[in-house]
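Asker: Listed below are the residues making up each chain.
Number of protein chains: 2
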Amino acid sequence: MVDVLPTIAGVPGFKVAGVACGLKKTGALDFALIVSDTPCTAAGVFTTNQVKAAPVLLDMERLKQNSDRIRAVAINAGCANACTGQQGLDNAHQTARWVAERIGCAEDEVLVMSTGVIGMQLAMDSIRRGIDLAVDALGENNWETAARAIMTTDTRPKLASAELRAASGQSYQMAGIAKGAGMIAPNMATMLALMVANARLAAPLPSLLHVAAEQSFNRIVVDGDMSTNDTLLFLTNNQSGAVETPAGQYPDAARAVSRRLAQDIVRDGEGVTKFITVQITGAPGSEAARQIANTIATSPLVKTAFFGNDANWGRIVAAAGRAGIPLDPERMKLWMAAGETDAAAHGLLLFEHGMPASYSEAEASAIIREPSVSIRLDCGLGEGAAVVWTCDLSHEYVSINADYRS
Amino acid sequence: MVDVLPTIAGVPGFKVAGVACGLKKTGALDFALIVSDTPCTAAGVFTTNQVKAAPVLLDMERLKQNSDRIRAVAINAGCANACTGQQGLDNAHQTARWVAERIGCAEDEVLVMSTGVIGMQLAMDSIRRGIDLAVDALGENNWETAARAIMTTDTRPKLASAELRAASGQSYQMAGIAKGAGMIAPNMATMLALMVANARLAAPLPSLLHVAAEQSFNRIVVDGDMSTNDTLLFLTNNQSGAVETPAGQYPDAARAVSRRLAQDIVRDGEGVTKFITVQITGAPGSEAARQIANTIATSPLVKTAFFGNDANWGRIVAAAGRAGIPLDPERMKLWMAAGETDAAAHGLLLFEHGMPASYSEAEASAIIREPSVSIRLDCGLGEGAAVVWTCDLSHEYVSINADYRS
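Those sequence lines, one after another, are chains A and B. If you're matching positions, the first sequence starts at 1 in the working numbering and goes up one per residue. If you're matching positions, the second sequence starts at 1 in the working numbering and goes up one per residue.
None of these hints come from the bench; they were simulated from the model. One or more hints might be untrue.
Copies of the same chain look alike in the list, so a pair counts if it works inside one copy or between any two.
In silico EDC-like pairs for lysine to aspartate or glutamate, Cα to Cα no more than 20 Å straight-line [claimed, not checked]:
| hint | residue 1 | residue 2 |
| --- | --- | --- |
| 1 | K25 | E361 |
| 2 | K24 | D310 |
| 3 | K25 | D108 |
| 4 | K24 | E144 |
| 5 | K25 | D310 |
| 6 | K333 | D136 |
| 7 | K333 | E352 |
Please work from the sequences and hints to get the whole structure.
Answerer: Next up, the structure:
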């Protein structure tokens, strides 16, 4: 197991900055820059939305052609640069060009990320100012400021890091920052995450990153929406001199750091009061299990019941029933437990044989009042299993999203 | 065109009642009975949820064997009789048996419907009392009381009727009541509806009903959930002596009455402040168009933006982009208009060529403040089209569903 800290002390070989350049009306931090001392091997995972923001299109193209020579990533909040046509693409290229000029590299060695309002062009004078301020502020210990600069409706920065040792003996660091909040669904969402490591992996980085994303960012649901901008980037240089094999700590660390960031996104989801672990077992297959888990996790009726501290398990069973998977209510079993745990082993049995189990309503009520609740639904049909992390749906979610642009 | 009234003056040949039998803690009306003077031809459309409530299972079975001799329908609110196993089925049968005994028919000539909390057994002493009270109260003019008795979180009863004339010269009546509120999604939802007519159609009733449902109840979305209990029943006797061919007013009337009830369900959805018509054109096919429309209509981000009177059309485009249909943003066009209308003909163009159109934000803001708003998204790809009616997502929705069982 890899120990993950919720802070980043620094990753030698990378310098970062977070500044305020005027994209957010409030004057808050809104521009971050991450620069590697030497060219990085990089990989990315991107939104599957058919409507992709300009920075997503730019990064996808660039990583196809140039994944072994990435030097920097520029990230802005306040404007998503999505649904902005050719001008949006031109602005994304301009951002990369200005960064390249200031740090002294080629334009195609710079990646960009944006988050914020859709359908608005980037204010390029602000971007220019952001780059100038950020380049001057670059340092090894500014990770928290950078994490703050990419926030939108997030209430706190999300950081994770791990100190590791390669088989070859050298120690190295892996770290990541992320922003999330609303619009989070499996297969990526208005979710930006950047991970770095100062060691080389003696195996393809893209497949490692996909496996890590699959078990972290693609397992979280806030509201079921999926954004035009979702991006997870991983930059690795070799400042530590360590070279890791796939048998080393590298894959575990990538999974642990990304899972920590992903779960932090759920815990800090818009208006969230409760962290919910949805575990499905006994489904006809693992894809079926996942579909059932996602249907439960996106159901407004399930989510509002959790917000209301109402152990209304009938809504969970009903949501499973409309997931599009053949199910037999007589074979289903449903448990609920406090905390992040296997509810079948440590929780209360609520439903079996197609009807309510005999349980104490007071006990169920005590469980659902906890800030973290796990449910397990066994379908009694096969070997398919899946876990998804989600949250409740509160008044605050509605308030935040009704007033987002004002 | 068929004129539909939001009231029911009476349908000769049918007697109805709505009474309070104690299933609702508040003492409100909670039991309705509809009795035909003579045996009816009946048809039903039921939830496609894999978890079906006991009354749904009973009605489906009964209509398979006995669709030409239905005499009565008993409907209770307060308890859904879903996830209740064998005891639930026994209770549904017992309800039918008691009704049959009191009105003098065979048990298999009675259908039942239930709505309310899932996972709780029916209080059969209340049901018994409800049947006794309702049989004594039966009359031709109690339709509004009956419509009130099937309400759960509905704020008003939903009624519709039409006065029609058959090709053979006789006049006849068609009418319906419905309850909806939350948990409404295409393919039926916690939606109960009962339609009656006192004329015979010289064509199969089930196919007529399916076509009507497809263009009404299956086109509405409140929260995207789909219940265990959704049922639409249509009972027809021949009290008027009229016999209609499919070329007569009968199909149009069935569509008009069911559409009126379906739209009323949306207008009275939990916490609804805005009625939204989502029109998709130019999709690769009609199923694709519908999938795009449903994804927009269920998006929490789209729904909260409407609640906030924020013409945040980027969220509509982003929702379309994640519907699982290949789309080209460059070919998409989006319009918005006040009222229920074709927004492309009468509204404001917001998005084309992959970027914002040049429109006045003040004009967009004035449109979205209306209680009824239409959007049209043309995908620019093919001939597929679909219309879905939906609503916004408000604080009140969260309040209602967080506290439902308390």
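Asker: Could you run down the list of hints and mark each one as holding or not?
Answerer: Checked hints:
1. Within a single copy, K25 and E361 get their C-alpha atoms only as close as 49 Å, which misses the 20 Å cut-off; across copies the closest is 18 Å, which meets it.
2. In this assembly of identical chains, the alpha carbons of K24 and D310 lie at most 20 Å apart only when taken from different copies (18 Å versus 38 Å within one copy).
3. In this homomeric assembly, K25 and D108 never come within 20 Å of each other (Cα to Cα): the closest approach is 31 Å inside a single copy and 68 Å across copies.
4. Proximity of K24 to E144 under the C-alpha cut-off of 20 Å is restricted to the intra-copy arrangement: shortest distance 18 Å within a copy versus 54 Å between copies.
5. In this assembly of identical chains, K25 and D310 lie within 20 Å of each other by CA distance solely across copies; the values are 18 Å between and 39 Å within a copy.
6. Proximity of K333 and D136 under a CA criterion of 20 Å is satisfied in neither setting, with 59 Å inside one chain copy and 43 Å between copies.
7. Taking the shortest alpha-carbon separations for K333 and E352, only the intra-copy value of 5 Å comes in at or below 20 Å, while the best inter-copy value is 50 Å.
Consistency with the previously given hints fails for numbers 3, 6, ordered from lowest to highest.
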